[in-house]
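Residue numbers (my numbering), protein chains in the order written: chain B, 13 to 449; chain W, 13 to 449.
These are computed hints drawn from the structure, not numbers from a lab.
Hints may be right or wrong, so weigh each one.
It does not matter which identical chain is meant; a pair holds if it fits inside one copy or across any two.
[Said to hold, decoys possible] Derived DMTMM-like pairs (lysine to aspartate or glutamate); straight-line CA-CA distance at most 25 Å: (1) 389 to 416; (2) 136 to 163; (3) 69 to 57; (4) 69 to 416; (5) 38 to 385.
Protein chains: 2
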Amino acid sequence: MELKQQGSESLIELQQSLLESYNEYKESGLSLDLTRGKPSAAQLDLSNNLDGILNKKFTLQDGTDVRNYGGITGIPDARKLGGEMLGMDPQQVMVGGNSSLTLMYQYIAFALLHGVEGKESSWKSQADKSGSPVRFLCPVPGYDRHFTICEHFGIEMINIDFTDAGPDMDQIEAQVAADPMIKGIWCVPKYSNPTGHVYSANVVKRMAGLGKIAGDQFRIMWDNAYSVHYLNDQPADLTNVYSEAVNLGTEGSIIITGSTSKVTYAGSGIAFLCASSSNLEAFQKYLSAASIGPDKINQERHVRFLKDINGILAHMASHQAILKPKFDLVQEILFNNLHNKNMGEWTVPTGGYFVSFETLPGLAKDVVRLAEEAGVKLTPAGATYPYSQDHSNRNIRLAPTFPELHELEKAMNVFVLCVQLASVNQAITASTPETSD
Amino acid sequence: MELKQQGSESLIELQQSLLESYNEYKESGLSLDLTRGKPSAAQLDLSNNLDGILNKKFTLQDGTDVRNYGGITGIPDARKLGGEMLGMDPQQVMVGGNSSLTLMYQYIAFALLHGVEGKESSWKSQADKSGSPVRFLCPVPGYDRHFTICEHFGIEMINIDFTDAGPDMDQIEAQVAADPMIKGIWCVPKYSNPTGHVYSANVVKRMAGLGKIAGDQFRIMWDNAYSVHYLNDQPADLTNVYSEAVNLGTEGSIIITGSTSKVTYAGSGIAFLCASSSNLEAFQKYLSAASIGPDKINQERHVRFLKDINGILAHMASHQAILKPKFDLVQEILFNNLHNKNMGEWTVPTGGYFVSFETLPGLAKDVVRLAEEAGVKLTPAGATYPYSQDHSNRNIRLAPTFPELHELEKAMNVFVLCVQLASVNQAITASTPETSD
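Excised from the complex, chain B in its bound form (with noise of 0.2 Å):
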């Protein structure tokens, strides 16, 4: 039965009940963390083989010694396997330090600074021109690091919303045509952070159009994070997209990234980022100016360690077996005490590391409130839109990855139990005629 439908009675009832196990939780000392899609110890462990892996051996096939610094490219092998990952050509392919985010916010800087085609093509320079700011597009909810860097450098960023087969793309198409300050958008096109959406191919191939409507300094920031980490039989289809631009004519305008973070060890991956020749030429000659060059070594390390597309497969299926029961249980727990009830709607991922759970209207804040002061912390309401204005007030990411199974569970009953209190009381205080003094 749906909560308007009861009468103030049974509603303050259900309140009381609810309240008393809140309590009985609330007073058992928790201390839970559902906020960080971070790999858990045992996940960790499936890659304890990388150090050690090099049996001292540090020279490879070309003459490289991996120890000695340059090689701003990244080392072939390494480059051949991010490609396989990502459905790349090993030549449209960098390898990186231990993070792709700080591929994007370096290839951000640069596009907006630097200029992708000498200074006059910046951003920037197109900005101060214009008196416009610099402008993207945020499919929401999405990730709220991409956001960050956008508010880092003053990029207005726009929301577009998503429909079931992923960002809402007459949306897009339309307002790329209509300003011409919007100079990218950012996307999350598999497992999407944190919706679980799986691109489908008009979307994609729509995306590959952008850069037709679009000017020459558009650029698609296609954050692949989660190109291998299913949760079912095998990994979902999703359409390349830098093919696509290919027979477009429009492969100037895609920037694809990766990295190894979800997949050998969070903080000592390495990351990847593929673009067309001249794209990858004019990036690696700005950042020349402040590096010398990645670790090599590590990079080798996961060469070896992974060795290609079926090792990297195979390693998957090892973290498919740890998460999938945490997924199973988040859903499990969801259905078994919302199913049918009318307080919220959650997805169900086939990849990706979180589920979206959208509260009803105006109570996702109250929800996180009333979780934290139980011991469970989750990521803040609102921090899946950009300038963490989430206007309906309903995203909660949970992030099931990095408590043990135990812990999940009760930092999944509390959450539940959240929505529901928090749910109750607001049918409460909208079936109390208000008062006015």
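We have chain B already, so just place chain W on it with the hints.
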């Protein structure tokens, strides 16, 4: 006997004999490289126990799992290690990725564009207000990659001469007092690149005092890249600039960097940045938009491998054993071929990675070209000056560390021959009366 006192016949005879030897080298098909300050394979071998040293133990005393995300300040023991290496309290040390150059670049970007105390304090906004560009002081000859960072950001560079005690502090103090748009200075205070200077106590004290003359946003980029890289019996003493600055209340002006790039692995070391607490805090807040945290596993490897300052110094003694014969050989060949010939002057460094050579005025480019044509690559003439402009065209940086001893011998023999040949060529031209047609 000096060249200019020789008759033209004797000079031409000498030229012929030098050319004969030169052509022999040219035909022997050499391919040698004295360009960069790279460690040799034997030096890199000293650190081969780094990989595998962790023995599958990844948890620190404070509970941190070094394999996971986070920890932008670096792990506590690595901060301690960097502090011991650079004479700093661990609280003032942050540990980054594999490159102190990257930390310097990021710090300059931060101060220039973002502002050390908020946007209004940024060098850029002060430049926009004053109509004058941001300027940096550059003791010359110096490290080319410092100058590249300035050029990259459009920071105007002003040359500062060296005295025997270090950079000319009279020049520096006068410049800083006269021009509020001078926002910093590059220093390599110990075994300076390329001159080998160790700044005297008085120079260091006056450097620490610059913060009293300059504004609050002035920064001394104290690149202590060779703090433990000695060639004599023990490292030279360098007065602690940070302690001096604390005494004067100017510690906010001091940014100290260093790394293990020339201690362990050139491309896979760990880098340090030391500064006052408020500087560190502001910089880390800025960095957090771009970083998921440094590679903490590699930091922990370094902690276990180097242990402490005694471990570092013992390790550096092994480097010294490899490097000293190379530096001695360079001195021997220079002395045997050029002593008292008035064809150039050179440094006798007690540490660091370079020998700095001054040709007769106007000949550096000729010498580098002649050497290259005979198969010996030298650092491009001018590279040690801002904008690659060595107006007297004299300085050549010799980097003897990378080649094997027998290669170094050949390369140096070619070098001194080229110096002699260029000098004789110049003397002949000078002694030939100009003809007009």
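Hint by hint, here is what the structure shows:
{"no.": "1", "hint": "389 to 416", "result": "within (15 Å within a copy, 58 Å between copies)"}
{"no.": "2", "hint": "136 to 163", "result": "both (14 Å within a copy, 19 Å between copies)"}
{"no.": "3", "hint": "69 to 57", "result": "both (24 Å within a copy, 10 Å between copies)"}
{"no.": "4", "hint": "69 to 416", "result": "between (37 Å within a copy, 20 Å between copies)"}
{"no.": "5", "hint": "38 to 385", "result": "within (7 Å within a copy, 79 Å between copies)"}
The earlier numbered hints are all upheld by this structure, with none contradicted.
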